[in-house]
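Here the protein sequences line up with chains A, B, C and D, keeping their order. Be aware that the first sequence starts at 1, since it is given in our numbering, and climbs by one per residue. Be aware that the second sequence starts at 352, since it is given in our numbering, and climbs by one per residue. Be aware that the third sequence starts at 703, since it is given in our numbering, and climbs by one per residue. Be aware that the fourth sequence starts at 1054, since it is given in our numbering, and climbs by one per residue.
Please keep in mind that the hints were generated in silico from the structure rather than gathered at the bench. Backbone N, C-alpha and C define an ideal beta-carbon position, used for all residues, glycine too. Hints may be right or wrong, so weigh each one.
[Claimed, not checked] If we take Cβ atoms under 10 Å as the criterion, some of the chain A residues that face chain B in the derived model are: (1) Leu-96; (2) Phe-174; (3) Ser-220.
Protein chains: 4
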Amino acid sequence: MELTERIPAAVLGATGVVGQQLVRLLHDHPWFSLEAVAASSRSAGRPYGEAAEWMLDRDLPPDLAEKIVVEGGEELSAPLLFSALASETASELEPLYRDRGHLVVSNASRFRMDPRVPLLIPEVNPESLELLRDQDSSPGGLITNPNCVVAGLALALSPLHREFTVEAAVVTTFQALSGAGYPGVPSLAALGNVIPHTRSEEEKIEQEPLKILDAGFPISASAHRVPVADGHLASVSVKLSRPTDLEEVAEALSGFRGEPQERRLPTAPERPLVLVGDYDRPQPLRDATRDRGMAVTVGRLRPDPVLSIRFDLLVHNTLRGAAGAALLNAELALARGLLDTTAPDAAVEVP
Amino acid sequence: MELTERIPAAVLGATGVVGQQLVRLLHDHPWFSLEAVAASSRSAGRPYGEAAEWMLDRDLPPDLAEKIVVEGGEELSAPLLFSALASETASELEPLYRDRGHLVVSNASRFRMDPRVPLLIPEVNPESLELLRDQDSSPGGLITNPNCVVAGLALALSPLHREFTVEAAVVTTFQALSGAGYPGVPSLAALGNVIPHTRSEEEKIEQEPLKILDAGFPISASAHRVPVADGHLASVSVKLSRPTDLEEVAEALSGFRGEPQERRLPTAPERPLVLVGDYDRPQPLRDATRDRGMAVTVGRLRPDPVLSIRFDLLVHNTLRGAAGAALLNAELALARGLLDTTAPDAAVEVP
Amino acid sequence: MELTERIPAAVLGATGVVGQQLVRLLHDHPWFSLEAVAASSRSAGRPYGEAAEWMLDRDLPPDLAEKIVVEGGEELSAPLLFSALASETASELEPLYRDRGHLVVSNASRFRMDPRVPLLIPEVNPESLELLRDQDSSPGGLITNPNCVVAGLALALSPLHREFTVEAAVVTTFQALSGAGYPGVPSLAALGNVIPHTRSEEEKIEQEPLKILDAGFPISASAHRVPVADGHLASVSVKLSRPTDLEEVAEALSGFRGEPQERRLPTAPERPLVLVGDYDRPQPLRDATRDRGMAVTVGRLRPDPVLSIRFDLLVHNTLRGAAGAALLNAELALARGLLDTTAPDAAVEVP
Amino acid sequence: MELTERIPAAVLGATGVVGQQLVRLLHDHPWFSLEAVAASSRSAGRPYGEAAEWMLDRDLPPDLAEKIVVEGGEELSAPLLFSALASETASELEPLYRDRGHLVVSNASRFRMDPRVPLLIPEVNPESLELLRDQDSSPGGLITNPNCVVAGLALALSPLHREFTVEAAVVTTFQALSGAGYPGVPSLAALGNVIPHTRSEEEKIEQEPLKILDAGFPISASAHRVPVADGHLASVSVKLSRPTDLEEVAEALSGFRGEPQERRLPTAPERPLVLVGDYDRPQPLRDATRDRGMAVTVGRLRPDPVLSIRFDLLVHNTLRGAAGAALLNAELALARGLLDTTAPDAAVEVP
């Protein structure tokens, strides 16, 4: 796709861990340009470089550092808004901006399970974007991406469910510290420790894949925080509706492609699922950033003595699991003609 | 039980992580006294304080530091030998010493699945000590304790299997670095990372509980190393043969007691399984040393949407999972009259 | 010293990291008994076990867990108060309780440099307790212990200054996370990182030893936080007024004893300074808890090519550097007859 | 500089941590092309992707993974050899290859202090390359870069010594785990700990800067390993020969440039020393990779109460401190016409 000029975008909740990734990714994006950064009243009016405790290992580009933060809720002119808001704030601000005519592409959990809101993984359920019709908020709209674990889990379950019908899944996660945001987990609690996660995280892992896959099988999730900076690992056992040999399963996973790959969206990985053979992989430290953090690594595929198959998967929680997911969602919306670039004065076109 | 004098014991493989724990525990033991420390030819002839890279956070007592290491294989006079040998060396030395008339209480994996060798958790299968009869090596004998994860897992499954009949279990582990011994995992690989464990570890977790519980249900295990010093955590889903409510399950776990508690063995914890209520527990950093590292902490008990119930358990891998397990095994053998304290010149009595 | 009954004590700021250590140490103290725990209004009225995020690896004893927290500022009947308050709160509450007739033994920094307040390390400047006379607050009084690094640094400099006259010191610290309290340093910032500390920490290290040693030499301090749970390490270069050989220095350090050792105070270590020979020691993980965390480990003693001598020292920051320091201070006050156990209705006796 | 074609290069010791960085950097280098990878007999004959435990977070490019490792000592045709050999092997192989006519650019410590061998930091002592004349090994030659800490330290001391004459320096280091190679420090020893480094490391820090700066002032060094993956931090106190204000010092550091910047060598950072203002910087996690790991970050510049000034510096130990240093050295040699690209059959030209 060729654009004559880049589409202005803004980031809501720009100072947090996910907000920073969005800001960084938008800075160099071929289709979108970062017009504004918004955050809470505590940050508003200050240069972004001061307001954000910049966590990424690349320097904050100077032009971004000087951008003045606006307060969430203020009028924004960019047609495209990325939301990295906390759930409570999202509850208020996302509908507000949608009603003002923006396409809000959100990482927040607040509206994910709303039946009128797409819970989108572009490789898995691109057609869910059609739900924008039901939002009755034209020209505005609201799209969400799933929870950071689900971003990898539903991606891996998708070809399995399509080809073999998944009947159940048991999931145990090893989640990175960046998933808790900043300041997040105190170091005295995290260092040299494993901390069981909240029940609400587990509920997301048990429910969101079903909406994405349009399925009804049971998922059992147990979530834990480990002292890792980035990259959520999950050990997954899956029950399939019929006996299969591992090679078929391996092919289904490795061969999986979707609309982002066909359309060559800028943030799309070459292969959404990369299957590795070494028994000691995937590892967060070595595999999380595969293909700019957008490829999910799957390894240790083997028969499961209780269900059918078992494997580990690794997803970069702030990229494929958050900021990169939101970008890919926006790219798909644009590619499908669902983003009217003249908004907020204009409409999200639903063909 | 009152002893007129302490029974001499020696430690094989005394310089490693588990060997050090054995040495420390024997130093203050009411029934046993540490007579000799044995290790490889590399360490033999040197003072223990030099030969062992002492890892424990308490100082090595001076009398131990000065003890001269003997080479594994040399004649030992102590009737009771604790083995923290690596599997290959155990293969050679454990039968050797048994045939010389010692009671060898081993933490090595080599002979665990041998049908004539007790794979013992004193709370679970004390009667397995009767297998000593079948060893035809009187007055010597060989007893083993299970893999460090299994030490906790089989303990927790025991009351469940007894009361509700376990039909399957899916297990995912978060294993501490001390489980890999010293030098073990390189820090560059471990820091800020999760490393999938070997397949052979998983096979032990899938097989050993069945021997201990005398059961035949399938277990699916996935093992991982996490940057934690001590304490293996496992997330466990269990299928029970009949519907149960959680309170019944909680009572079965909390109320579980065994022969070590009845006999008040010195290393026995007051309660083998301690059930905790906070959703963010157990944690290795806070719960591993419960009751001198001999109590297994169980938490997050809840219904499992795929199997029947789900919980986390935490076992101190070098105590309840290794050195403490061996001590408790020896204590039970003595209490049951199976350790002839005049050996190696005398027999292991099997009543 | 024999007491007919234990003296009631209370802890102000009882829920924090240092407050928890005080509570734990008082629970088993031979001279003092823990009567009350006080904290902010947020914790007041709740059981201590709920109000405090218990961080220590031993279980919180049940009788402590159930103790109801009182609000700081309320009337307390215990004659002896330990303060682990933050500086601002200490500013208000410590004089208040002193004026009500309590002996306040504080770990807070607020009044350390006040010329009328003892800044006490019992081995170094026990006579500073006489300053209580100048407080004009009889029967109440206020005693402070130094900053956690200074607790070790001034202890090591004391025999050097006495015997060789210190002319300058250059200090670089590696400080543990527990020194920042809870929640303290975010794990995303701490894991795998070194964080330069605040300038105010460095100023304390540069100034407090001079008051304690009654000296005027310059100290240069550079402080850093490292991902270690407990134990502050410092690399120290010292300029002495005259050439000395290392053996003399080693003897001065090793042979150092003070009033707590003579009086056999319960919290006193056998030797305040333990000199070790291995070049890779001291290490926080292995040496911090030496002698119940009250002995400072000194190692790597060698000539310094720029100043005179160089060494590393390690001090347990929440024990010798905070809670244990306060206890030892209180013990000395009692042993010297400066704690009137009938207060707050009675006077601090100054002989 | 424009080259008609890239110059073939080989890496000795290619499987280690520094060797891997060299391999990665050469893979994309504009002037050099990676022709061969050499390592010990254990690795020889195997594909590089198998022989090397690839540690870097980017994937090993497939063409490199398939390259067959040759054994160190075998004939190599590339005129340019990079050595990441351990000291003992370097002792044997570096002179061997030099005598065969290769330009050996070494990171090993073995020949650094040899008076005929350049110990080169291109910004500091480019003229030391003239020492190649004295090697009497034409067409071959041997160039070394300093110890990883010294790579940053001598760089920072250079403008200070030139403008204010340094009279003494006291240095304390916080060194990353990657500096110990792989497997290096055991995780059980490193996690949550600080480990004093070897005396030989300290001697390098005390001696190498004097050769590089052609100076004779005393340096006191104390080195420690911290649980950080990459990036050596050093706290440095410096005595200057005359009073200066901090602004002058800041300008001398910030304004420092050298021949690599003038010649725009491919691996040269824009500014060798980057002075930062925040009091909590530099931090390894955030600053080590500045300008592709080739810029040294200096921060916390302040007066020193004992010497003259004090600051922290951070150097990426495997880039500016090892692999990047070697590359920059080779680039300078080429730019100065000291690398005859027809060797090993031809000579290193010394104009």
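Quick rundown of the hints versus the structure:
The restraint placing Leu-96(A) at the interface with chain B is violated, with a minimum CB-CB distance near 34 Å, outside the 10 Å limit. Interface hint at Phe-174(A): satisfied, since its Cβ lies 5 Å from the closest Cβ of chain B, which is below the 10 Å cut-off. Hint status for Ser-220(A) relative to chain B: holds, with the closest Cβ pair at about 4 Å, below 10 Å.
In this structure, the one hint that does not hold is number 1.
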